[in-house]
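Student: Those protein sequences? They're chains A and B, same order as listed. So the first sequence is residues 1 to 296, counted in my numbering. So the second sequence is residues 297 to 712, counted in my numbering.
Hints are computed from structural coordinates only; laboratory data are not their basis. A few of these clues could be false.
Claimed, not checked - If you want the footprint, here are the derived chain B segments under chain A, 3+ residues with CB under 8 angstroms: (1) 333–344; (2) 559–567.
Unchecked claim - Taking lysine-lysine pairs in the DSBU-like style, the calculated list, with each CA pair at most 30 angstroms apart, reads: (3) B:416 - A:290; (4) A:288 - B:321; (5) B:541 - A:5.
Using N, Cα and C, we set each Cβ at its ideal position, and we do this for glycine too.
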Amino acid sequence: MREIKILVLLSVIVGVLYWGVEPFAHSQMHAHVAEPEYTFDDVDDVRAGKTGNVDAGKSLVVDQFQCQSCHSMTVDGKQIGASMNLGVVTPDLTNAGLIYDERYLAGFIANPAKASHVEHKMVEGKTHPMTSFDLNYDGTFGDDDAQGVADIVAFLKSIAPKELTNKEVFQDACQRCHSIKYGDFYGGSMAAKTPTDSITNYMGKTPPDLSQYIKSRGDEWLHEFINEPAKHLKGTAMPRVGLTQEAEHQVVEYMTEVGESKKAEREALAGPFLGYLVIFALFAWLWKAKIWRQVH
Amino acid sequence: MALINESFFSAEGLEKRLAGKKFWKVMMTEYWIPKDINFLWALGVVLATTFSILIVSGIFLLMYYKPDTALAFDSVNYTIMQEVSYGWLFRHMHGVAASVVFLIIYIHMFTGIYYGSYKKGREMIWISGMLLFVTFSAEGFSGYMLPWGQMSYWAAAVITNLFAGGSLEAWGLVEWIRGGFAVGDATLTRFFMLHVFLIPLVIIGVIVLHFYTLRIPHVNNQTSEDIDYDAEAEKYLAGNKKESKVIPFWPVFLSKDFAVLGLFFIFYFYLVFFNYDFAMDPVNFDPANAMVTPAHIYPEWYFLWSYETLRGPFFDMFGMKAMDIGLMIFGLAQVIFVVFPFLDRDPDVLPAHKRPKFFIWFWIMIVDLLVLSVYGKLPPTGANAWVGFAATGMFLLLWVSLPFITKSDAKARGAL
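Let the sequences and hints guide you as you build the complete structure.
Tutor: Written as structure tokens, this is what we have:
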């Protein structure tokens with residue numbers, strides 16, 4: 001009976017200590033932020049209710065070179081355009097219609113800095129490498145521009161694949177700036193696509209390698225951060241990328257596959273391992289009881 | 297010596313040469329332990345087992361770890377954690393055992409304090425035990441540096457900085473410890489040497505010393521009764537096992553230890569598989585970067601209470617700088633437990649519940665250490681700083697009052 005009392009007392013003390021230095025301390029050190037939201041309500045839907053026309057969009061993107069002068073993409077099985085380094089390597093647009101929220105995508109085409117929340121960086125003559133969409137160069141965003149954006153978004157959605165692997169989403173959404181070297185440790189194919197000097201100059205800081213971010217930040221933080229970087233890091237150089245909930249989920253999944261590749265093995269081993277220990281403990285107690293019966 | 301004629305290649309011949317049966321008797325079947333004990337008496341064996349786990353898992357990690365600032369992080373987080381078969385298991389076992397071993401050390405230590413197992417012949421047990429606490433602390437600190445993550449780097453920077461001695465500005469000493477002006481490759485390799493060679497060697501030596509110091513005064517018991525071991529052992533050997541107040545180390549005492557170990561293993565491996573962040577801080581999964589200071593720098597949980605005594609005095613007092621006062625209290629906190637037997641002025645060996653004032657002292661000390669630990673992790677701003685200040689003051693007050701309180705208990709009992 002006394003031993004039970006001691007054990008309870010001990011558990012309470014250790015429990016208080018654990019609670020204090022772990023959950024409580026972390027709640028004090030890390031501000032709680034609002035849940036991620038995937039509707040992108042804060043971005044005006046610049047399409048203003050206009051219905052996009054795929055063929056008109058194709059004409060703008062492909063024939064009139066509105067997009068393919070700076071972006072590569074695969075249209076009708078053929079790769080057109082080329083990506084180029086404008087401080088950061090421009091993205092291939094083949095998958096854009098799948099992984100980016102369409103409302104965000106429209107807003108981004110109309111005004112990239114505003115939609116991606118990096119306007120605070122566009123000072124002292126700096127401008128976003130992608131120009132705001134302006135069909136007839138009249139300096140304003142009019143009805144024809146709204147229709148143009150709607151057409152382009154409709155076209156991008158039409159050429160996008162139905163699904164991508166987790167790795168493909170990561171490569172499209174993150175790898176232009178971030179390396180994740182544990183994704184291909186010996187081959188080096190998961191280095192950032194933009195050369196380090198260039199991206200460091202463009203961002204003001206080298207974007208971190210993401211190999212262990214699933215361990216250092218955890219999935220909840222990653223979701224909050226990818227969805228809206230400013231929530232955790234005010235004034236950060238990282239843009240809001242506007243991933244759909246599904247695409248963001250795939251990015252974090254990929255970071256888990258790379259950063260914690262033995263997670264499944266760990267979870268599978270835990271049951272049998274602890275089960276064996278319970279049996280060991282049971283026999284140890286029985287043996288102890290047998291031995292101690294002789295002395296009590 | 298008597299010449300031995302029995303063949304070397306026979307059991308009898310070997311027995312003649314090594315006296316294994318005698319050795320087994322002395323170390324095991326006739327090493328007497330009091331019968332009146334509870335599971336807290338098993339924690340010595342739990343500690344020895346945890347230390348063995350640390351050695352074995354450490355040997356496996358050592359096969360792949362690379363002590364080089366350019367390679368260390370990846371050798372741990374990629375090679376060991378993701379490539380090597382069950383490398384993750386050995387790392388989790390090593391990291392969690394390093395943390396849990398301190399939990400058990402603290403419980404073991406306060407068991408000794410509660411039952412008065414540090415005086416009247418048991419001083420050497422206490423002192424060698426505290427020596428183990430210090431060497432384990434050094435082992436924990438040096439090991440924490442090896443993954444070369446952000447916390448490894450910044451903990452190394454902050455702790456080596458302490459050797460400057462505040463206003464003494466002994467920067468030469470700091471550089472000598474670091475092997476350079478800043479924490480770097482030389483620092484990593486020397487702490488690697490300390491962690492895998494010199495300190496473990498010292499620890500093993502001190503463990504042997506600790507066991508040796510137990511042998512003559514014997515282990516204490518729940519009522520702190522003074523047992524006549526020769527008489528009680530005779531009773532036991534004569535077959536009066538139930539009346540005898542003692543039990544042999546093997547098999548009786550160890551059977552209880554194994555039972556406790558069984559439960560301990562379930563607790564420990566649960567942490568290894570499911571709840572290891574407390575022992576392997578997420579911040580340390582960012583590679584070391586001298587240009588980026590983490591938002592919050594804090595030591596592992598087992599150093600938090602003494603770390604908070606360093607931060608406690610946060611303003612200048614008595615014509616001294618806050619930093620210097622903190623450093624002095626921190627230094628005191630590291631060694632004050634060693635002199636516990638000499639601050640206790642009560643001539644009787646009794647458990648705390650038989651010493652009314654000491655009993656209160658004991659629980660205030662526990663609460664104070666808990667408060668220091670929790671506030672040692674929190675940012676030292678606003679009200680937190682004042683709580684830390686008050687808890688540090690209480691810590692000092694407790695030590696100053698210990699001789700008077702123990703004496704007063706003894707007087708009330710009529711022992712003085």
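Student: Could you run down the list of hints and mark each one as holding or not?
Tutor: Structure-based check of all given hints:
Here the stretch 333–344 of chain B counts 3 residues with a CB under 8 angstroms from a CB of chain A, which clears the bar of 3, and the coverage holds. With 5 residues carrying a beta carbon less than 8 angstroms from a beta carbon of chain A, the stretch 559–567 of chain B meets the three-residue requirement, and the given coverage holds. Taking the CA atoms of residue 416 of chain B and residue 290 of chain A, the gap is about 35 angstroms. The hint is violated against a cut of 30 angstroms. For the suggested pair residue 288 of chain A and residue 321 of chain B, the alpha carbons sit about 20 angstroms apart, so the restraint of at most 30 angstroms is met.
At most 30 angstroms may separate the alpha-carbon atoms for a hinted pair to count; residue 541 of chain B and residue 5 of chain A meet this at roughly 23 angstroms.
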